[in-house]
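Peer 1: What follows is the residue order along each chain.
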Amino acid sequence: MTTVMIVDDELFIVELYRDILQLRGYKVVATAFDGEEAVRKYAASPEKPDVIIMDHRMPVMNGVEATKEIIRSKPAQKIIFVSADVLIEKDARDAGAAEFLPKPFRMDDLIEKMRNVSAS
Amino acid sequence: MDLLSHDMLNNNQATLSYLELIHSSPGADPRIKELAEKATSQVRTSSVLLDGIRQLSSYCEGTPAQTTPVDLRGTLAQVTRDVSGLFPHKQVTIDTTGLAPNAEVHGGQYVHDIFGHVLMNIVQLDPEDHSKIDVSSVREKHNGSDVWKIEVVSRTATLPQGVDDSLFSGTVPMDVSKMARVSGAVFASSIARAIGGRIGYRVLDPEKNRGCVFEISLKGGDAG
Chain A
1 MTTVMIVDDE
11 LFIVELYRDI
21 LQLRGYKVVA
31 TAFDGEEAVR
41 KYAASPEKPD
51 VIIMDHRMPV
61 MNGVEATKEI
71 IRSKPAQKII
81 FVSADVLIEK
91 DARDAGAAEF
101 LPKPFRMDDL
111 IEKMRNVSAS
Chain B
1001 MDLLSHDMLN
1011 NNQATLSYLE
1021 LIHSSPGADP
1031 RIKELAEKAT
1041 SQVRTSSVLL
1051 DGIRQLSSYC
1061 EGTPAQTTPV
1071 DLRGTLAQVT
1081 RDVSGLFPHK
1091 QVTIDTTGLA
1101 PNAEVHGGQY
1111 VHDIFGHVLM
1121 NIVQLDPEDH
1131 SKIDVSSVRE
1141 KHNGSDVWKI
1151 EVVSRTATLP
1161 QGVDDSLFSG
1171 TVPMDVSKMA
1181 RVSGAVFASS
1191 IARAIGGRIG
1201 YRVLDPEKNR
1211 GCVFEISLKG
1221 GDAG
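So the sequence lines, in the order shown, correspond to chains A and B. Anchor point for the first sequence: position 117 equals 117 in my numbering, and the numbering is continuous, going up by one each time. One rule links them: number in my numbering = place in the second sequence (from 1) + 1000.
It should be emphasised that the hints constitute simulated quantities derived from the structure, not laboratory data. Note that the structure is a prediction, hence the values are computed from the model and not measured. Note that CB positions come from ideal geometry on N, CA and C, so glycine has one too. Among the clues, some could well be false.
Take a look, some chain B residues computed to stay more than 10 Å from chain A by CB distance [to be verified]: (1) 1018; (2) 1057; (3) 1200; (4) 1202; (5) 1208.
Okay, the calculated bits of chain A under chain B, using three or more residues with CB under 8 Å as the criterion [to be verified]: (6) 14 to 28; (7) 41 to 52.
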């Protein structure tokens, strides 16, 4: 089963991802509410998640910076970057995100991105 | 404004996704599915408007406007797909055969946003199940510079009474009380002014108060 870490500062968005992903057969193994917490939890976890879903605009450390830190420690880590700000896509991909999903997205778009990164 | 609209977009995202879960539930009543689809359409439209607020706030904060030249025909094709997707219960036909094949205008992503907001607003105000919109263009010279004037015409969509060209031209202080139901087009006119263009408006058939014409003037791609 594909494992997922969710990084978003809004609790209801974290719960939304969890609801969608669990219904579609994915296992959420970790959550974080800002980029710094994500980097810390990621470094401390012995088993890395298959996929990370990363928000951009978060307190303490934003998604692009967190993506850079995580990719630095594990270049093959699959990260799906999600943001309403389409202008951030280039920065996210330059930081190492495998996929970019603009908000608002359809559920099937998220699942398609999950399949893409899981298969690659 | 930017932060508030960002948070509201997140709320919309959650609402959209839960509506999708209802819609895709195998045991859901067909009538409930239909209602969920209508609610989805409304939330998606709301998200587009919120995005307009974010764009306006970026202009207010002095973010430099994009000036990249874009192909008008290609942009309209993308906008047509986007707007049609917002109204799954309506048929939307946007006829662009009157567009010059070589028309290029300045404005980058903003050109997409201008036409997106105008066309979305027209479809919203069209009582017909099948919205038919004609788009045509002519090249003009204004003070020695190339300007493309793009006419967007609907014979059936009608703006509320009392709405006139002054609401979109920016030549008089904006009357917020008149913005109800035309906020998309008002957003578009603000974006157009930010990139040196303008939007004019007139009723197509004043005697019957029916139909609408938006004239969107944008700097030509080689205008510098």
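Peer 1: If you check each hint against the structure, which ones fail?
Peer 2: Numbers 1, 7, in rising order.
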